[in-house]
Amino acid sequence: MSALPSASRRDFLRQCLTGAVALGASRMPEAQQAALTAKSRVVVAHDPLLRGTGSTVDASRIQSLLDRAMLARFNRDRTVDTPLAAWRRLVRPGDRVGLKVNTLGGRGIASNLELVEAICERLQQAGIKTGDIVVWDRDSQEMERAGFKLSIGGDRVQCFGSDRVDYEDDLAAYGSVGSRLSKILTRYTNVLINIPVLKDHDGAGVTIALKNMYGVIHNPNKYHPNGCDPYVADLNMLPEIRTRMRLTICDATTAMYEGGPAFKPEHSWKCNGLLVSSDPVALDATGWRMIERKRAEKGLKTLEAEQRSPRYIVTAADREHRLGNCDPSCIEVVEINAEV
Amino acid sequence: MLRELVRSQGERLPTNRSPRAPLDRRSFLMCALASGTALGELAVPACASPSALSSQSGQQTQNDEQFVVEAKFYEKLPNKKIKCKLCPRECNVGDKERGYCGVRENRGGIYHSLVHSRVCAAHVDPIEKKPLFHYLPGTVAFSIATAGCNVNCKFCQNWDISQSRPEQIPADYAPPQRIAALARQFNCPTIAYTYSEPVVFSEFLMDTADAGHQAGVRSIVVSNGYIQQDALRQAYGKMDAVKIDLKSFSESYYAKVVTGQLKPVLDTLVTLRKMGKWTEIVYLVVPTLNDSDAEFRGLAQWVKANLGTDVPLHFTQFHPEYLLKNLPITPVPTLERAKAIADAEGLHFVYIGNVPGHPAQNTYCPQCRKMLVERAGFTASTLLIRKDGSCPFCRHLIPGIWHA
Chain Y
1 MSALPSASRR
11 DFLRQCLTGA
21 VALGASRMPE
31 AQQAALTAKS
41 RVVVAHDPLL
51 RGTGSTVDAS
61 RIQSLLDRAM
71 LARFNRDRTV
81 DTPLAAWRRL
91 VRPGDRVGLK
101 VNTLGGRGIA
111 SNLELVEAIC
121 ERLQQAGIKT
131 GDIVVWDRDS
141 QEMERAGFKL
151 SIGGDRVQCF
161 GSDRVDYEDD
171 LAAYGSVGSR
181 LSKILTRYTN
191 VLINIPVLKD
201 HDGAGVTIAL
211 KNMYGVIHNP
221 NKYHPNGCDP
231 YVADLNMLPE
241 IRTRMRLTIC
251 DATTAMYEGG
261 PAFKPEHSWK
271 CNGLLVSSDP
281 VALDATGWRM
291 IERKRAEKGL
301 KTLEAEQRSP
311 RYIVTAADRE
321 HRLGNCDPSC
331 IEVVEINAEV
Chain C
1001 MLRELVRSQG
1011 ERLPTNRSPR
1021 APLDRRSFLM
1031 CALASGTALG
1041 ELAVPACASP
1051 SALSSQSGQQ
1061 TQNDEQFVVE
1071 AKFYEKLPNK
1081 KIKCKLCPRE
1091 CNVGDKERGY
1101 CGVRENRGGI
1111 YHSLVHSRVC
1121 AAHVDPIEKK
1131 PLFHYLPGTV
1141 AFSIATAGCN
1151 VNCKFCQNWD
1161 ISQSRPEQIP
1171 ADYAPPQRIA
1181 ALARQFNCPT
1191 IAYTYSEPVV
1201 FSEFLMDTAD
1211 AGHQAGVRSI
1221 VVSNGYIQQD
1231 ALRQAYGKMD
1241 AVKIDLKSFS
1251 ESYYAKVVTG
1261 QLKPVLDTLV
1271 TLRKMGKWTE
1281 IVYLVVPTLN
1291 DSDAEFRGLA
1301 QWVKANLGTD
1311 VPLHFTQFHP
1321 EYLLKNLPIT
1331 PVPTLERAKA
1341 IADAEGLHFV
1351 YIGNVPGHPA
1361 QNTYCPQCRK
1371 MLVERAGFTA
1381 STLLIRKDGS
1391 CPFCRHLIPG
1401 IWHA
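Quick mapping for you: the protein sequence lines, in order, are chains Y and C. When you line the first sequence up against the numbering used here, it's residues 1 to 340, in that order. When you line the second sequence up against the numbering used here, it's residues 1001 to 1404, in that order.
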């Protein structure tokens, strides 16, 4: 017989049930867990010396800032006491990890190359094969213009746009959205890490984590009316996105408070920060407040006053969507600063 | 095969080619031969494909920039924004963004069309397939499309080109003069702008119409009519005939199913009437969504009051596609009910479409009731109307352009 007879039938069933619950919980996106149970944690990490004395981001300082932010995000669980332990909570060997960057704004306001390299470094240390990491956006040319070097095939980090592999033929649909999904999402990844930028958007109000998913579909132009509401929320409900999404690391090294989504240097500021959260709604709500603070500082009207408040963030948190929390009382903002 | 060919919901692309699968030379020849055989049953000449559009020197490499021209209908706004004035949507488009149609892009405060001469579909179709029943019956039209559309109908049959961005689907560089030359080569008296939504490629349409007229080829357009008045007058002013898809007679349907508005489309029909353009109307009858007696009656009364009784009105059968796969095919009795209501309101030329062999595909003299045009599939198999456009039996003048 087996070596388990010491456990009673009742104990065995209890263990199975407990295990099943635990497994079930681990597969539920953390934003949903948070929406159901606790506050969503958003880490806002700053390093005033991120650029040293120059204008480009220092690779070692952003690696350090990322580590501190990851630790701050995951150390609610006392077993996570190193940055690598945090990454290991996120991915497992064998995962194929997509890093969805945002490159529309060119070099001025795109996901930072040094940040993406730092993430790739930690993913590999966490056991992800180099070739199983794909850095991607909708268009390869836009990625190149933002400074990314394309890399397709071989045992290297993959880096290319959806234009290289096309979109699925079949539609994915939820609510107001019916779109073909990038094959990079559906065929190259089982884990998605979202790496948006923090910026103003002339139609949507702001574009941060949730709206970055417009780069996943073939027809984003159809979903800009009405301030992108409810399209952004509906899009993020697609199972292909929702089940893969693990974390958002928003690049706020440079941010924009007005004039987006294209880069307008006169409306940008060196924010020298990162926002990290497993709850994209809470992260968007936090980023939105940061942009509003900067707008007030610059003497600009609120987005609400300009009739372009990002209502889609509220929709994403509503009873139908439950993609995360947008109520400030349900968001725990953890501010950290780099060691100087 | 016949069933596939006769569906028209908007106007369906012929099924011999997937828009996302470009044909090589060998495939094109096979396609042309195969289609020639199939279409031969309907007495239609062989088809063309975008591959036929390439120059004889061989396949061309697609360079996105060669399709880019400054758009005609827009206003510049502060901060490098623009307001599109092409369709009633009036997209406010920021720098580096595109309008709702997906084929017009703001680049540094200047709005551009990305689809001039960017032909993603080209076929030789019977003109009855548009459908235009009172315009050069029995002829064929050199039919072309680019990517893009300014609405998003949940029933679209060509959504894979109409709802795509131009760079997402194969296309050939086919400038207006080449289109005109091909139309002549294929013995087409008309060029048809169709399949997707010609409103969004207005610049290309206008230039091609000019080239066609210089070469003795006319132009017709198959459109949703969702266009601003100024653009309408300039672009469709160059057309010789127009078919408008009036998708419903209710604003709520336009908002929910079409993502557009009814009023501007009605305005388009009235303006086309004032411009003297030959116009026919198609109404796709979608079960449970736009098939009530009240809507049919309201539509017929509006047409009679605003356009007259001689405008052909086609009630066509819906087939489940795209985002409306949950609904059934329109029952033929529903179409017959729609026709009966429109007939009773006094419209003279009410047709039933997408139902092969139905007698309501034929044209009858409104005075003596004799059959004047018999149609089989997409072919006018019998055309009795005299050269002067009159009925041979009672000499009643039948509205339309019947002979070249």
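Heads up, a few of these hints could be off.
[To be verified] Taking lysine-lysine and the DSSO-like style, the derived pairs with C-alpha atoms no more than 27 Å apart in a straight line are: (1) LYS270/Y with LYS1085/C; (2) LYS1080/C with LYS294/Y; (3) LYS1238/C with LYS1274/C; (4) LYS1072/C with LYS294/Y; (5) LYS1096/C with LYS149/Y; (6) LYS1085/C with LYS1263/C.
[Claimed, not checked] Partial chain Y-side listing against chain C, Cβ under 8 Å, derived: (7) ASP81; (8) THR82; (9) GLY108; (10) VAL165; (11) TYR167; (12) GLY175; (13) HIS218; (14) ASN219; (15) LYS222; (16) ASN226; (17) ALA262; (18) PRO265.
[Said to hold, decoys possible] In silico negatives: residues of chain Y with every beta carbon more than 10 Å from chain C: (19) ASP67; (20) GLN125; (21) LEU171; (22) ALA173; (23) ASN221; (24) GLY260; (25) TRP269; (26) GLU292; (27) ARG295; (28) ASP327; (29) SER329.
Keep in mind that the hints were calculated from the coordinates and are not lab data. No residue lacks a Cβ here, since even glycine has one placed at the ideal position from N, Cα and C.
Tested hints:
1. LYS270/Y with LYS1085/C: Violated: LYS270/Y and LYS1085/C sit about 37 Å apart, past 27 Å.
2. LYS1080/C with LYS294/Y: holds (22 Å)
3. LYS1238/C with LYS1274/C: holds (14 Å)
4. LYS1072/C with LYS294/Y: Measuring from Cα to Cα gives roughly 38 Å; hence the hint is violated.
5. LYS1096/C with LYS149/Y: holds (22 Å)
6. LYS1085/C with LYS1263/C: holds (16 Å)
7. ASP81: violated (44 Å)
8. THR82: violated (41 Å)
9. GLY108: Constraint on GLY108/Y not satisfied, violated at 11 Å.
10. VAL165: violated (12 Å)
11. TYR167: With Cβ-Cβ at 7 Å, under 8 Å, it holds.
12. GLY175: violated (11 Å)
13. HIS218: holds (6 Å)
14. ASN219: holds (5 Å)
15. LYS222: holds (5 Å)
16. ASN226: violated (11 Å)
17. ALA262: Given a least distance of 4 Å, the restraint on ALA262/Y holds.
18. PRO265: violated (13 Å)
19. ASP67: Non-interface label stands for ASP67/Y: nearest chain C Cβ at 34 Å, farther than 10 Å.
20. GLN125: The claim stands: GLN125/Y keeps its Cβ more than 10 Å from every Cβ of chain C (closest is about 36 Å).
21. LEU171: violated (7 Å)
22. ALA173: violated (6 Å)
23. ASN221: violated (4 Å)
24. GLY260: About 7 Å separates GLY260/Y from the closest Cβ of chain C, which leaves it inside 10 Å; violated.
25. TRP269: The assertion about TRP269/Y holds, with a minimum of 17 Å to chain C.
26. GLU292: holds (19 Å)
27. ARG295: Holds, since 15 Å exceeds 10 Å.
28. ASP327: Answer for ASP327/Y: holds, closest chain C Cβ roughly 30 Å.
29. SER329: holds (34 Å)
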